[in-house]
Amino acid sequence: MDNNKSSQNPLESYEYKYGFTTDIETDTVKKGLNEDIIRLISSKKNEPDWMLDYRLKAFRVWEKMTEPTWAHVSYPKIDFQALSYYSAPKKMSAESKPKSLDELDPELIKTFEKLGIPLSEQKRISGIAVDVVFDSVSVGTSNKDVLDEAGVIFCSISEAIKNHPDLVKKYLGSVVPVTDNYYAALNAAVFSDGSFCYIPKGVRCPIDLSTYFRINAAETGQFERTLLICDEGGYVNYLEGCTAPQRDENQLHAAVVELVAHDNAEIKYSTVQNWYTGDKEGRGGIYNFVTKRGKAAGKNSKISWTQVESGSAITWKYPSCILQGDGSEGAFYSVALTHDMMQADTGTKMIHIGKNTKSTIISKGISTGKSSNAYRGQVKIMASAENARNYSQCDSMLVGDQCSASTYPYIEVKNKTATIEHEATTSRISEDQIFYLQSRGLDMEKSISMLVNGFCKEVFKELPLEFAVEAVKLIEMKLENSVG
Amino acid sequence: MLEIKNLHARVEEKEILKGLNLKINAGEVHAIMGPNGSGKSTLSKVLAGHPAYEVTEGEVLYDINFQMKNLLDLAPDERAKEGIFLAFQYPIEVPGVSNFTFLHTAFNSILQHQGSDSMSEGEFREFLVQKMKLVSMKPEYLDRPVNTGFSGGEKKKNEILQMAVLSPRLALLDETDSGLDIDALRVVSDGVNKLRRKDNAIVLVTHYQRLLDYIKPDFVHVLLNGKIVETGDASLALKLEDKGYDWLIN
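Sequence lines, in order, name chains X and D.
Under our numbering, residues 1 to 484 are what the first sequence spells out, in order.
Under our numbering, residues 1 to 250 are what the second sequence spells out, in order.
Please note that a few of the clues may not be correct.
Stated by the list, open to error - Part of the chain X face toward chain D, derived, beta carbon under 7 Å: (1) Trp50; (2) Leu52; (3) Asp180; (4) Tyr182; (5) Ala383; (6) Asn387; (7) Tyr391; (8) Ser427; (9) Ile429; (10) Glu431; (11) Asp432; (12) Gln438; (13) Arg440; (14) Gly441; (15) Lys457.
As the list claims (entries may be wrong) - Some chain X residues flagged as far from chain D (calculated, every beta-carbon gap over 12 Å): (16) Glu63; (17) His72; (18) Glu266; (19) Asn300; (20) Lys364; (21) Lys380; (22) Ser430; (23) Gln433; (24) Phe435; (25) Asp443; (26) Met450; (27) Gly454; (28) Cys456; (29) Glu458.
Rather than coming from a laboratory, the hints here were simulated on the basis of the structure.
Idealized CB from N, CA, C, for every residue including glycine.
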């Protein structure tokens, strides 16, 4: 029997539809990293002295640090002097920045439209405010009027440094200190833009907030910084998306995201990460080395991270929660899909400090092709955390026989009243499962994507509806093959 | 509709079918009986295209648009789209995928193949609720993950529901009666009987004559050691019930 049609691995490649480049005049600083470059970035952004001092301090810390090597990923040594640390469309410089999104360079509007983020007034999506970041700068934020009315501050971090210096000074680095790790220190020194959000006391943010990151320039690193504060009793649903052009060279993306939730506040942070992954042979793609951490500082505060990690050549990312307030809760819901030559080492840290704190971890890893996919998670119950509870479930699914999945759970308990549950499974999509779906008329790719979607369901249901739809489509697209 | 000629097939280097011949016409119900290991399940899996089974000799001709084509050239999903349906002996669990989504996707992929417009979720739900009555299934099963946590009987009913929805031209029921209590057997058999039409054919693979009390076959075949050794009408099944298979082994 001719079985070629049914036995071929369908996951050989996936065409990246966001791989185009925008032809736009840019202001890019020369390659290399030293104090002068940092001064230059700071002056380009007209920053106050305290911000420059913060950057320089971080740079000096970074210089003394060494690159971490503990992650289950391998890549050639990065030459940090061969990168440019700032690139912005010319028309976005501090002097000539458009006052509203409608005055944006049409090329940029076109770019974001192609990415499915309409920026022009007529087409803008209501019910969501988007801050769009192109290379090193935020190009604008939509639906500001609705937010102003509610008293919500949502702007680029550059604007926040100018207009809300007290808030930035108070919170920047309060969750991820400059000294935290190599990439966090680097980010603190050179971060160019990102989003800032402040939800005042008792305010439920009336619409969802979103940041869309786009890397365009070649040989440029993107270092964005996001700072989100939810004051007492506040609530916000925050979404983040990212894409980059298809290039043969690797590009570095080292972001820092800090969240602070005060008493009874709740932050839901969702990411769909679809950076360029590199080609089949592993050429090119983004190095996604990101530090994301939330501090549930207040009583009964809640922070949840939901992520769909489907892009990047290498992902090194552990969105974490520091559960400081009594009764605070942290959650991490993750789907990480790797294909071709991708490498992912991702997971979370849940640090229980307060009494009656609770954390939930649901991680779903899917490996296909020759990729490697690792879950790394830490649950730490400090002595002060009476009656802390954690539930972790880490499932891995292998598609094909050349990929790998690993799980590295670290559990540290210093208080006997803690309850910890950890479950882990590894499965392979079975021939019988695929055959069952095929025998009902679903072709092989559709069968596999249905099985994978089913596997990820517990995570997808945590995503806001539109994001869940996008995530399902994204996973399907990635699983689509060139059979036939 | 279907003609199997000198079919040889093996799984993991072991030859199971050793020159099987069978002809099935539209409107007929065939029962295939035989002792354990005679190749009954292999036959249904080979016809549906299970990748673990390798055909080493022979051909299977199947009527597609009034032309006899070699069924073995088609991938399993293409066979399904051309009207072949296999009710599994052990239906597979699909965690996280609702029965509704599964059936809706399958149904629409077949419609699409036939060049028809797909059916909306709302319309399909109504259609499905009607079909569920055929096998006395409660609508709540639609929102449960496919076969996950279903009892043996529920799984078998779910297979017949799928058959009712996909409306195949050739249905292969692989030991659909196994593991069913007498009430469930009656429900499942009634369902199958209601799906009998002049333009479709049903193949029942079974160990027991019991099923044939409920679904009356036009032909009964005895499969022994990879070949059909005896063919008769419904009375052959009664004879087997009475005398076993020994008299057929020379």
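Here is how each hint holds up against the structure:
no.: 1; hint: Trp50; result: violated, 50 Å
no.: 2; hint: Leu52; result: violated, 51 Å
no.: 3; hint: Asp180; result: violated, 36 Å
no.: 4; hint: Tyr182; result: violated, 38 Å
no.: 5; hint: Ala383; result: violated, 39 Å
no.: 6; hint: Asn387; result: violated, 32 Å
no.: 7; hint: Tyr391; result: violated, 18 Å
no.: 8; hint: Ser427; result: violated, 10 Å
no.: 9; hint: Ile429; result: violated, 11 Å
no.: 10; hint: Glu431; result: holds, 6 Å
no.: 11; hint: Asp432; result: holds, 6 Å
no.: 12; hint: Gln438; result: holds, 4 Å
no.: 13; hint: Arg440; result: holds, 4 Å
no.: 14; hint: Gly441; result: holds, 4 Å
no.: 15; hint: Lys457; result: holds, 4 Å
no.: 16; hint: Glu63; result: holds, 48 Å
no.: 17; hint: His72; result: holds, 27 Å
no.: 18; hint: Glu266; result: holds, 27 Å
no.: 19; hint: Asn300; result: holds, 31 Å
no.: 20; hint: Lys364; result: violated, 10 Å
no.: 21; hint: Lys380; result: holds, 30 Å
no.: 22; hint: Ser430; result: violated, 8 Å
no.: 23; hint: Gln433; result: violated, 5 Å
no.: 24; hint: Phe435; result: violated, 5 Å
no.: 25; hint: Asp443; result: violated, 5 Å
no.: 26; hint: Met450; result: violated, 6 Å
no.: 27; hint: Gly454; result: violated, 3 Å
no.: 28; hint: Cys456; result: violated, 7 Å
no.: 29; hint: Glu458; result: violated, 7 Å
The structure shown violates the earlier hints numbered 1, 2, 3, 4, 5, 6, 7, 8, 9, 20, 22, 23, 24, 25, 26, 27, 28 and 29.
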